[in-house]
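Visitor: Residue-level listing of the chains:
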Amino acid sequence: MSRVGKEVWTLAEVRGGKIHTVSLELLAWGRELADKLDAPLASIVLGSDIKSCAGDLISYGADKVYVIDNSKFENFHSDIVVNSLEKLIDKYMPSILIASATTRGRTIMPLLSARLGCGLTADCTEMSIDPNTKELIQTRPAIGGNVMADIKTIGRHPQMCTVRPKSKRPLAKNEKHEGVVIEESVPQDALDSLLTYIGFEAEGSVGLPLQEAELIVAGGKGMKTGKNFARLNELAELLEGSVGASRAAVDLGWAPYSAQIGLSGKAVTPRMYLAFGISGAVQHIAGTSGSETIIAINSDPEAPIFRVADLSIQGDAMEVLEALIERIKSRKNR
Amino acid sequence: MRIAVLVKQVPSVETVKIDENTGTMIRDGVESELNPLDLHAIEAAVRIKESRGKHPTEIVAITMGPPQAKKTATYAIAMGCDRGVLLTDRRFGGADTLATARTLAKFLEKEGPFDLFFAGERATDGETGQVGPAVAELLKLPVFTYVSAIEKLTTDSIRVVRAVEGGHETLEAPLPSFVIPIKEINIPRLCTLDGKIKAKQSEIPTVTADVLDLSEDEMGLKGSPTRVVKITYPKVTRQGKKIKTSDCFEDALTAILEKLEDRNFLEAAR
Numbered sequence: 624m625s626r627v628g629k630e631v632w633t634l635a636e637v638r639g640g641k642i643h644t645v646s647l648e649l650l651a652w653g654r655e656l657a658d659k660l661d662a663p664l665a666s667i668v669l670g671s672d673i674k675s676c677a678g679d680l681i682s683y684g685a686d687k688v689y690v691i692d693n694s695k696f697e698n699f700h701s702d703i704v705v706n707s708l709e710k711l712i713d714k715y716m717p718s719i720l721i722a723s724a725t726t727r728g729r730t731i732m733p734l735l736s737a738r739l740g741c742g743l744t745a746d747c748t749e750m751s752i753d754p755n756t757k758e759l760i761q762t763r764p765a766i767g768g769n770v771m772a773d774i775k776t777i778g779r780h781p782q783m784c785t786v787r788p789k790s791k792r793p794l795a796k797n798e799k800h801e802g803v804v805i806e807e808s809v810p811q812d813a814l815d816s817l818l819t820y821i822g823f824e825a826e827g828s829v830g831l832p833l834q835e836a837e838l839i840v841a842g843g844k845g846m847k848t849g850k851n852f853a854r855l856n857e858l859a860e861l862l863e864g865s866v867g868a869s870r871a872a873v874d875l876g877w878a879p880y881s882a883q884i885g886l887s888g889k890a891v892t893p894r895m896y897l898a899f900g901i902s903g904a905v906q907h908i909a910g911t912s913g914s915e916t917i918i919a920i921n922s923d924p925e926a927p928i929f930r931v932a933d934l935s936i937q938g939d940a941m942e943v944l945e946a947l948i949e950r951i952k953s954r955k956n957r
Numbered sequence: 005m006r007i008a009v010l011v012k013q014v015p016s017v018e019t020v021k022i023d024e025n026t027g028t029m030i031r032d033g034v035e036s037e038l039n040p041l042d043l044h045a046i047e048a049a050v051r052i053k054e055s056r057g058k059h060p061t062e063i064v065a066i067t068m069g070p071p072q073a074k075k076t077a078t079y080a081i082a083m084g085c086d087r088g089v090l091l092t093d094r095r096f097g098g099a100d101t102l103a104t105a106r107t108l109a110k111f112l113e114k115e116g117p118f119d120l121f122f123a124g125e126r127a128t129d130g131e132t133g134q135v136g137p138a139v140a141e142l143l144k145l146p147v148f149t150y151v152s153a154i155e156k157l158t159t160d161s162i163r164v165v166r167a168v169e170g171g172h173e174t175l176e177a178p179l180p181s182f183v184i185p186i187k188e189i190n191i192p193r194l195c196t197l198d199g200k201i202k203a204k205q206s207e208i209p210t211v212t213a214d215v216l217d218l219s220e221d222e223m224g225l226k227g228s229p230t231r232v233v234k235i236t237y238p239k240v241t242r243q244g245k246k247i248k249t250s251d252c253f254e255d256a257l258t259a260i261l262e263k264l265e266d267r268n269f270l271e272a273a274r
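Each protein sequence line maps, in turn, to chains A and B.
All letters in the first sequence, in the order written, are residues 624 to 957 by the numbering used here.
All letters in the second sequence, in the order written, are residues 5 to 274 by the numbering used here.
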């Protein structure tokens, strides 16, 4: 593409009629990049009956909000979203477009990158601007988190990447930050989908999805039985965290696959990771190395997880878990 | 019905070792295997073939990589695919997700038509999950990512369940469609002896860039809009404190509580 605009764009995510927090995290990233480029920061909102919320994004750092308010966006149809983004990009030519690495972002962005013939970097944990060339440097963990790769998009715009949720905190809300909401529309044919939405069923699992959790309580083989996993749920509830599991525990049927952490499961980046009875196979450690603080409890003094832990407790996982729950409960009742 | 399954060869995660000094994967002497998440895509395709009984169904497993990646297609046949194809050429080397997707899409166009396409959620080495959706887009197909179940399949439509944040959603699309399953969808079978024998006897044809109508700047490193410009090695080892519960259980417990308190996680428990 020959024309290149200046704007930095973030793709807001609308879930259940509301703008999701991951969109505010993206704005914090976007603000940093836009300031370094001395460029406007814009957020894109595609939703149904969403106009009233769009202005909120301004208080979190956006200079502009492009909104397409259409009932067609009530449910997620990947093709309609891609069609609409293509039209907007063609009109405004942003220099950078970032989206959250959620199931939606990770679906939309590869489709869009193939449509536009642009590059795309997955799951960035950091982004910066090359001070000399002003190009976007997209940093992502590679080889299972043991290597960080800096990636650039060569000769294509927008420079696109998905960004791990929780890799940055939203900016503090600032009602004084000024910006404009710009209503956009796309031609009717862009809103025709090949997909038919049938329905949604909410899941009753404990806490937030793992990739968004600030605190994760995870269990492995050292939990001894599947039944003991209920105790992990209890601790997670007390600490308002989520429950994860090692591959071994999932293979034993103690936890669902959706809870699996590691190379063949989910990579997580919580502020606090508590590993109960997880020895820490390479592929597990790879999926947790982005955690801010790691506390590991394991009976094996040679457990590899101790090498990456900030606090290592050598002892019986269940014994420690039970005692911890009791202690936190008694604090609560104090 | 014709089904295409995209598979990839990856370094075996079970045998991977980490260099203690640099924190990198030691790739020398590491065995390769079929990407574990692709097994679920193959299994889904084979189950469809089985459910169709006498109605003819052909499953083609397609892989791209160095000559030894042929093994991957052979394994797919052992699991129940009918044929395998390897796209291999030095000119494909260094391809990023877009250039890879272009190469695969070109081949699928030539080899088609297919009614259904499958790819694994992501490869355990690159971990991008971008190639599947990109191929679907280049072929202008409806795509379902994060599929946890196939609810209904007819000769002209498919209904699937997607696992998304906070729940499951159900969607439908006409065929041809592109389906990207997750681990939850099934438990892949082990190869039978019959399957292994059949696989061993199967020829895996190779396809080079010449056969595909792609220009030099559409494939390989040259056709890749992204570039790795720098590699850094974050320190993996943390010099953490170690306490044995057998020395003093109370100390261990206090240390955990202090860390939680320190990071403001005990606020929630008040």
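Honestly, the hints are just simulated from the structure, not real lab data.
Mixed in with the good hints, there may be bad ones.
Said to hold, decoys possible - Quick look at which bits of chain B chain A covers, simulated, 3 or more residues with Cβ under 8 angstroms:
no., stretch
1, 51-62
2, 75-83
3, 160-173
4, 224-234
None of these values were measured; they are calculated from a predicted model.
Glycine included, each C-beta is placed from N, C-alpha and C at the ideal position.
Visitor: Quick check: do three or more residues in the stretch 51-62 of chain B have a beta carbon closer than 8 angstroms to a beta carbon of chain A?
Guide: Coverage by chain A is violated for the stretch 51-62 of chain B (0 residues, Cβ < 8 angstroms).
Visitor: According to a criterion of three or more residues whose C-beta lies within less than 8 angstroms of a C-beta of chain A, is the stretch 75-83 of chain B covered?
Guide: Violated: only 0 residues of the stretch 75-83 of chain B have a Cβ under 8 angstroms from chain A.
Visitor: Checking C-beta pairs, does the stretch 160-173 of chain B have three or more residues closer than 8 angstroms to chain A?
Guide: It holds, with 9 qualifying residues against the three required.
Visitor: Tell me if chain A covers the stretch 224-234 of chain B under the three-residue, 8 angstroms CB rule, please?
Guide: holds (count 7)
Hint violations for this structure: numbers 1 and 2, all remaining hints satisfied.
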